[in-house]
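A.B. asks: This is what each chain is made of:
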Amino acid sequence: MNPVPDIYRILPEVVLTLTGVAVMLIDASLASGTPRRNLGWVAAIGTTLALWASLWQLSLPQGAGFFGTVETSAFTIFFHVLICGIVLVTLLLSLDTLPEDSHHQGEFYALIVFGAVGMCLLTSAVELLVVFIALEISSIATYILAGYRKQTARGPEAAIKYFLLGSFATAFLLYGIALIFGATGTTQIYEIAQQAPLALNQTLLLTGMALMFVGILFKVSAAPFHLWTPDVYEGAPSPVVALMSTAPKAAAFAVLLRVAYEMLPTLRSAWSPLLWIVAALSMTVGNLAALRQQNVKRMLAYSSIAHAGYLLAAFAGAENTGIAAAAFYAAAYATMNVGIFAVITVISGYDEALPIIDDYRGLLYRSPLLGGVLIFFLVSLVGIPFTGGFFGKFYSFSAAVGGGAVWLAIIGLLNSGLAAAYYLRLALVTAQRPADDNVSVSAPKPQVGFAVMAALAMAVAATLILGIVPNEVLRAAEAGAHTLQPPSAPLQDAHRIVIDRLPIP
Amino acid sequence: MDTINNSILTLILLVPVGGALLVLLFPDRAKLPNWIALATSLVTFGLTLHLPFHYDLARSGFQFAVNKPWIENPAIAYHVAVDGLSLWLVVLAGLLAPIGVLASWNAIKERRKVYFALFLVQQTAMFGVFVSLDLMLYYGFWELSLVPMAILIAMYGRKDGPKAALKFFLFTFIPSAPLLVAILWLYARTGTFDLAQLQYWVASGALPAGGLYWAALAFLFAFAVKVPVFPLHGWLSDTFSEAPVALAMVVAGKLGLYSMLRFHIGLFPAQARAAAPYLIALAVIGVLYGACLALVQRDFWKLIAFAAVSHLGLIVLGIYGFTFIGSTGAVYQILSHEVVDAALFVLLGALYDRYSTSQINAYGGLAAKLPRTAAHFVLITLAMIGLPILNSFIGEFLILSSTFTGVSRGWAVAASMGVILGAAYMLSLVQRLFYGPPSDMIAVRPAPDLGFRELAVLCPIVALTLVMGVAPSIWLPAIKLSTQRHVSVTLLHGPGRVTFTSVPWGGPR
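Listed in order, the protein sequences are those of chains U and B. Counting along the first sequence from 1, when you hit position 416 you're at 416 in our numbering, and nothing is skipped either side. Counting along the second sequence from 1, when you hit position 208 you're at 1208 in our numbering, and nothing is skipped either side.
Possibly wrong hints are sitting among the right ones.
Pair ranges (Cβ atoms, derived) [stated by the list, open to error]:
hint	chain 1	residue 1	chain 2	residue 2	range
1	B	Q1197	U	G182	51 to 57 Å
2	U	P355	B	A1107	34 to 40 Å
3	U	V448	B	K1068	35 to 41 Å
4	B	Y1213	U	G182	50 to 56 Å
5	U	Y350	B	G1234	42 to 48 Å
6	U	L369	B	G1046	31 to 37 Å
7	B	A1456	U	G449	43 to 49 Å
8	U	V448	B	L1427	56 to 62 Å
9	U	P355	B	V1378	53 to 59 Å
10	B	G1046	U	R268	54 to 60 Å
FYI, nobody ran anything at the bench for these hints, they're computed from the structure. The beta-carbon is built from N, C-alpha and C at its ideal position, and this holds for glycine as well.
Starting from the given sequences, assemble the full structure and let the hints guide the process.
C.D. replies: Right under this line is the structure:
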């Protein structure tokens, strides 16, 4: 019946898994003391292959494999390409910034790749238990990576905090899945979509949905589930933050889109106001808190909370515009955020000698390249036209306005004005003359190696493409949006008709 | 010729950006960036001069149009064109570019690459604002014009650049949030960003009146901050004190005033008409308030800032009086004001370069030491206070006389007081700076008079003030074409005169 071999449906995940295993095996077989930097290149090449494999999947007909548990569609491919791109940038970034003598360098690269397996699987899973397993794969990798700087005080603290709160949130997700299974008798997303309107106990279904939302919103660090974000970002190494502030969030948003629009479109009247509130809250809380931060990573952590809010605004939109806007925003946010953390990694180094805003004073004079790129990404985060950040916000808020949530758009845009204050503060400090007695003058000029250069170039190019010629990416996002409709809608209608005709006792 | 006419606006937009890239590519050595920027801005100015020579006065409306789809969804088009309103503003922006480069020639001593590259990007953004007829494209350039300005103020500010830059940016960025919401709302309702189509939609009455009211208000608010209209002028004096001369001369006025004419009155004639009494009141209050505060300033940048509030208020009065003569005078006054302001900034910048203080008390008796500076300064002052045969007279006269006959005698008399106060503060500034006994600082610090470069900047401007004063017929025909259309459209939405019955407290009759 299904002419496509199942293995093709998960080809990128397979490639990534093989890469991760290869990296671990080579790492184990190398004598201790051998430089392990080249393992990073192995991982990078594997990720590039996975990216190709995702693009190759475009030639497959849309459909599900492995007994209806994983799907390939324009939607999954969009997110696969995005995630593989981010992971590639992160790997290139780590190649030049990870200290040569840090132990377990091989594991570091392998964990990043295994995390990518989980994230990719998360976007293509159409079975709630596979969603859960994929989420765990990606989470466990990021828990370990978050605590990679064991020698510092904040590293292990960040990892433990992330792990405990993350497990707690995953438990919510699992409990939600159980309740939905109780209400509908299935964990397959298409089937739930068909069964949901017929479920006798709608309260059970609603509770299950709400609990699942808690789990997912925790992963995207939307308020009020955001409390872990600043501490974890501060404690984790910068390359890891570049990864975990973007790729897992994009994957989690893909799941949220699937749950909301594909699995429970009939409960729209319930989840739409819920997400409206979370969006407004996230933007406002994130921006207000970011205004007061002195530590750059904490500031960007709060800013990422605000950006989750901007993205959630797209959920107020109708099916096609809302999904496309959310997917586009995920891409725009991911490219600029991975870019800005890449710059920060290079500037302050793996040891993070320069954590606070004042350390960036006069960066534009010390290193015009890094200073210029930093300002560029800040400008994009503000949402100035001709950058990806602008069109992301634009699509998201116009989806909200189109869906009737004018107030959410106004709150969002006022928030972008607020956000401009702290982004600009950093940009202006960067552009300021260095004071003579400042530590940063004596700080060595940051070294920019080839791999970092490539990573930065990729992020800058992607941000510019999204800002100047977004047509292609938007078309891909729209194609993805079209595939997120329940495949057997007619059946659902047939059931509805039956219900309508039931004689009222 | 057709190919030139079709691509001239695109060239004007691209040349400054190309110049900025060249500046970045070449090393920062021996004034090389200055020369590249100067060459680029002269080429751009030459390109803008193409427009008035080939603008066909016989057919009014938009010319040199290019309309190509840029982004499919939402339907954003690269739609640029000029009409009588934007024609001279583009040329003016082209003229001020080389003047700005020359004014920054020695004042910018380090990191010239960054400065001139951003300066040229700023030029493109300004041209873009004047020629865009697609609302989203316009918004893009509008926002883009803020970033280089903010960074340049932060990097090259005199004392506390970053603070002034942040103030400037927030003051102008936050009002553009409601502007964007209003644009998106229009798009959600109509499916287009094209100005002409939106005008049609608004006129058709298909859009809800309540929404249009708020949308028009959002547009007006964003533009009024940018002009700035009293009481939204909080950012101006800090920006004038801190910004490099070449940027201070372009930061206020024309972008906001042009946008009011094109996008507030042009898009929402009925709502603009309803808002007119309030704006006239604010404009006249601004004229008097700015003039009174200018009288008591001790810092000449601050004095110029409040003088600008006063002069820009007069232009707003002309625009929202909705008389044909008044609107024409207002557009003419935008040009005159920019020209005079540019000269004033160059002169005060020259003083600041020589004595590094903007405290008026520190000066005195300069005329004996710097006779050429004094002569130019007096001439520009006379132009600024509206002496006949110099340029400001034309605009001010048209605005005030049309207000008197066509709008309200009371407001016209009140606004004329501002002109008198203007003469008072400007002449007293001249007196305090150039005449009287030389101050201690002037006596001990030798300083050269205006050099060749500064004269090369000032002489054309001075000549221009004279030509604009005696031969306004060079500029007015094109301007009239567009203001005629604006005023006739708004006449459909109310009685011939702006009446004050809608103002709760009546207002003067």
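A.B. asks: So, for every hint listed, does it hold in this structure?
C.D. replies: Against the structure, the hints:
1. At roughly 53 Å, the beta-carbon separation of Q1197 of chain B and G182 of chain U lies within the given 51 to 57 Å, and the hint holds.
2. Distance hint check: the CB atoms of P355 of chain U and A1107 of chain B are about 36 Å apart, consistent with the given range 34 to 40 Å.
3. Between V448 of chain U and K1068 of chain B the Cβ separation comes to about 38 Å, which falls inside the hinted range of 35 to 41 Å.
4. Checked against the hint of 50 to 56 Å, the C-beta distance between Y1213 of chain B and G182 of chain U comes to roughly 51 Å, which is consistent with it.
5. Distance hint check for Y350 of chain U and G1234 of chain B: the Cβ-Cβ separation is about 44 Å, which falls inside the suggested range of 42 to 48 Å.
6. Checked against the hint of 31 to 37 Å, the C-beta distance between L369 of chain U and G1046 of chain B comes to roughly 34 Å, which is consistent with it.
7. For A1456 of chain B paired with G449 of chain U, a C-beta distance near 48 Å keeps the hint of 43 to 49 Å intact.
8. The hinted range of 56 to 62 Å is satisfied by V448 of chain U and L1427 of chain B, whose Cβ atoms lie roughly 58 Å apart.
9. At roughly 56 Å, the beta-carbon separation of P355 of chain U and V1378 of chain B lies within the given 53 to 59 Å, and the hint holds.
10. Roughly 59 Å separates the CB atoms of G1046 of chain B and R268 of chain U, a value that falls within the hinted 54 to 60 Å.
Violated hints: none; the structure is consistent with every hint.
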